[in-house]
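Q: Here's the letter readout for the chains.
2 protein chains.
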Amino acid sequence: MKWKPPREWEQLRQGIGCPICEDMRLEENRFSFKVAELRQGIVRLAKNQYMRGYTVVMLRRHVNELFELSAQELAEFWQDVARVARVLYDLYQPTKVNYLVFGHHCPHLHCHLLVHSYEDDPSTPVDMNAETVLLAPEQYRDIVAGMRRRLQVSD
Amino acid sequence: MKWKPPREWEQLRQGIGCPICEDMRLEENRFSFKVAELRQGIVRLAKNQYMRGYTVVMLRRHVNELFELSAQELAEFWQDVARVARVLYDLYQPTKVNYLVFGHHCPHLHCHLLVHSYEDDPSTPVDMNAETVLLAPEQYRDIVAGMRRRLQVSD
Numbered sequence: 365m366k367w368k369p370p371r372e373w374e375q376l377r378q379g380i381g382c383p384i385c386e387d388m389r390l391e392e393n394r395f396s397f398k399v400a401e402l403r404q405g406i407v408r409l410a411k412n413q414y415m416r417g418y419t420v421v422m423l424r425r426h427v428n429e430l431f432e433l434s435a436q437e438l439a440e441f442w443q444d445v446a447r448v449a450r451v452l453y454d455l456y457q458p459t460k461v462n463y464l465v466f467g468h469h470c471p472h473l474h475c476h477l478l479v480h481s482y483e484d485d486p487s488t489p490v491d492m493n494a495e496t497v498l499l500a501p502e503q504y505r506d507i508v509a510g511m512r513r514r515l516q517v518s519d
Numbered sequence: 365m366k367w368k369p370p371r372e373w374e375q376l377r378q379g380i381g382c383p384i385c386e387d388m389r390l391e392e393n394r395f396s397f398k399v400a401e402l403r404q405g406i407v408r409l410a411k412n413q414y415m416r417g418y419t420v421v422m423l424r425r426h427v428n429e430l431f432e433l434s435a436q437e438l439a440e441f442w443q444d445v446a447r448v449a450r451v452l453y454d455l456y457q458p459t460k461v462n463y464l465v466f467g468h469h470c471p472h473l474h475c476h477l478l479v480h481s482y483e484d485d486p487s488t489p490v491d492m493n494a495e496t497v498l499l500a501p502e503q504y505r506d507i508v509a510g511m512r513r514r515l516q517v518s519d
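Keeping their order, the protein sequence lines are chains L and A.
Going letter by letter, the first sequence gives residues 365 to 519 in the working numbering.
Going letter by letter, the second sequence gives residues 365 to 519 in the working numbering.
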């Protein structure tokens with residue numbers, strides 16, 4: 365697969381046609397369910413739960429790189445991420461949490477949160493989409509409800 | 365490869381025998397060269413430059429997860445990371461910077477910084493150690509010097 369062509373990428377960088385801006389506030393979109401809107405981050409549970417607990421925190425504002433954020437935005441965004449990580453830690457008791465900011469497909473700043481356990485191979489490159497594992501609607505609802513309770517936000 | 369056994373992992377989590385605590389301040393260690401000591405982060409250029417510019421920022425204090433940091437540490441750590449990312453962005457003009465906190469081998473908080481270009485495949489899981497590319501000593505020195513200049517820190 366190729367990177368998006370330079371012209372299209374430059375438009376995306378500017379937020380023109382940004383799919384994350386478009387659908388990050390929907391209760392459900394193609395990829396995920398909304399869990400909460402925090403100070404700087406919108407928290408979403410991925411539909412693909414091949415890696416259990418897989419969650420993404422999107423920055424409210426369309427920004428590409430960490431160094432484009434104000435000091436306050438940067439601090440609050442990572443406080444939001446840390447808060448979600450704490451919830452995933454309590455829910456899944458992992459060996460390690462991963463905090464991964466890529467943006468290869470869409471340069472709107474977002475952080476993937478993944479939890480690992482002793483059963484995982486620590487030397488394998490992380491690929492949360494290596495397989496697709498979809499849950500039943502009530503299972504997603506239970507996870508989202510559990511996260512909201514621990515985040516102390518309402519439905 | 366297996367995850368470290370629970371007992372060994374628990375000790376590492378506590379900082380007992382932590383290799384990052386041991387060697388993150390050395391001018392040169394097995395994996396990297398020191399670039400700078402910032403407020404919360406020690407910046408090191410990886411010897412393996414298979415991914416050009418590959419840099420790691422280690423937290424000064426031994427901490428496993430983002431939610432264990434104080435608000436000030438968290439804010440300053442990410443300011444340090446953002447500052448290094450800005451330097452790599454200026455040096456390499458990438459399509460996207462990656463900011464990756466794993467810790468599968470050592471749970472001392474550190475962030476891998478990688479730059480991507482149009483030539484990369486955005487759908488391939490990132491593996492900065494897929495190959496080993498070592499440079500000549502003067503090439504490392506040049507990159508480190510260039511980074512220090514842009515970070516406005518002295519040798």
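If you're looking for bench data, these hints aren't it; they were derived computationally from the structure.
Do not take every clue at face value.
If several chains are the same, the list does not tell them apart, and a pair holds so long as it fits within one copy or across any two.
Unchecked claim - SDA-like mimics (lysine to any residue), calculated; alpha carbons at most 25 Å apart, straight line: (1) K366 to I507; (2) K368 to E483; (3) K368 to S481; (4) K366 to H476; (5) K366 to L402; (6) K366 to R513; (7) K368 to Y504; (8) K366 to Q503; (9) K411 to P370; (10) K398 to D485; (11) K366 to F397; (12) K366 to R416; (13) K366 to Y504; (14) K398 to I380; (15) K366 to L515; (16) K368 to S487; (17) K368 to I380; (18) K368 to E437; (19) K411 to L498; (20) K366 to Q436; (21) K368 to D485; (22) K366 to R514.
Q: Is it within, between, both, or neither for K368 and E483, if the alpha carbons may be no more than 25 Å apart?
A: Between copies only: 10 Å across chains, 35 Å inside a chain, cut-off 25 Å.
Q: For the identical chains here, do K366 and R513 meet the 25 Å Cα criterion within one copy, between copies, both, or neither?
A: neither (41 Å within a copy, 34 Å between copies)
Q: When no copy is named, should K368 and Y504 be tagged within, between, both, or neither for a Cα gap of at most 25 Å?
A: So K368 and Y504 fail the 25 Å test inside a copy (32 Å) and across (31 Å) alike.
Q: Under a CA distance limit of 25 Å, which applies to K366 and Y504: within one copy, between copies, both, or neither?
A: neither (33 Å within a copy, 30 Å between copies)
Q: Using 25 Å as the alpha carbon limit, work out where K366 and L402 are close: within a copy, between copies, both or neither.
A: neither (34 Å within a copy, 36 Å between copies)
Q: How would you classify K398 and I380 at a CA-CA limit of 25 Å: within, between, both, or neither?
A: The answer is within: 23 Å in one copy meets 25 Å, while 39 Å across copies does not.
Q: One pair to classify: K366 and I507, alpha carbons no more than 25 Å apart. Within, between, both, or neither?
A: Classified as neither; 35 Å inside a copy, 28 Å across copies.
Q: Quick one: K368 to D485, C-alpha cut-off 25 Å, is that within a copy, between copies, both, or neither?
A: between (31 Å within a copy, 10 Å between copies)
Q: Checking K368 and S481: alpha-carbon separation at most 25 Å within a copy, between copies, both or neither?
A: between (34 Å within a copy, 11 Å between copies)
Q: 25 Å Cα cut-off: does K366 pair with R416 within a copy, between copies, both or neither?
A: This pair counts as between: shortest inter-copy Cα distance 19 Å, intra-copy 29 Å.
Q: Can you tell me if K398 and D485 fall within 25 Å by alpha carbon in one copy, between copies, both or neither?
A: neither (30 Å within a copy, 29 Å between copies)
Q: Is it within, between, both, or neither for K366 and F397, if the alpha carbons may be no more than 25 Å apart?
A: Classified as neither: same-chain Cα gap 28 Å, cross-chain 33 Å, threshold 25 Å.
The structure does not agree with the numbered hints 1, 5, 6, 7, 8, 9, 10, 11, 13, 15, 18, 20 and 22 stated previously, though it agrees with the rest.
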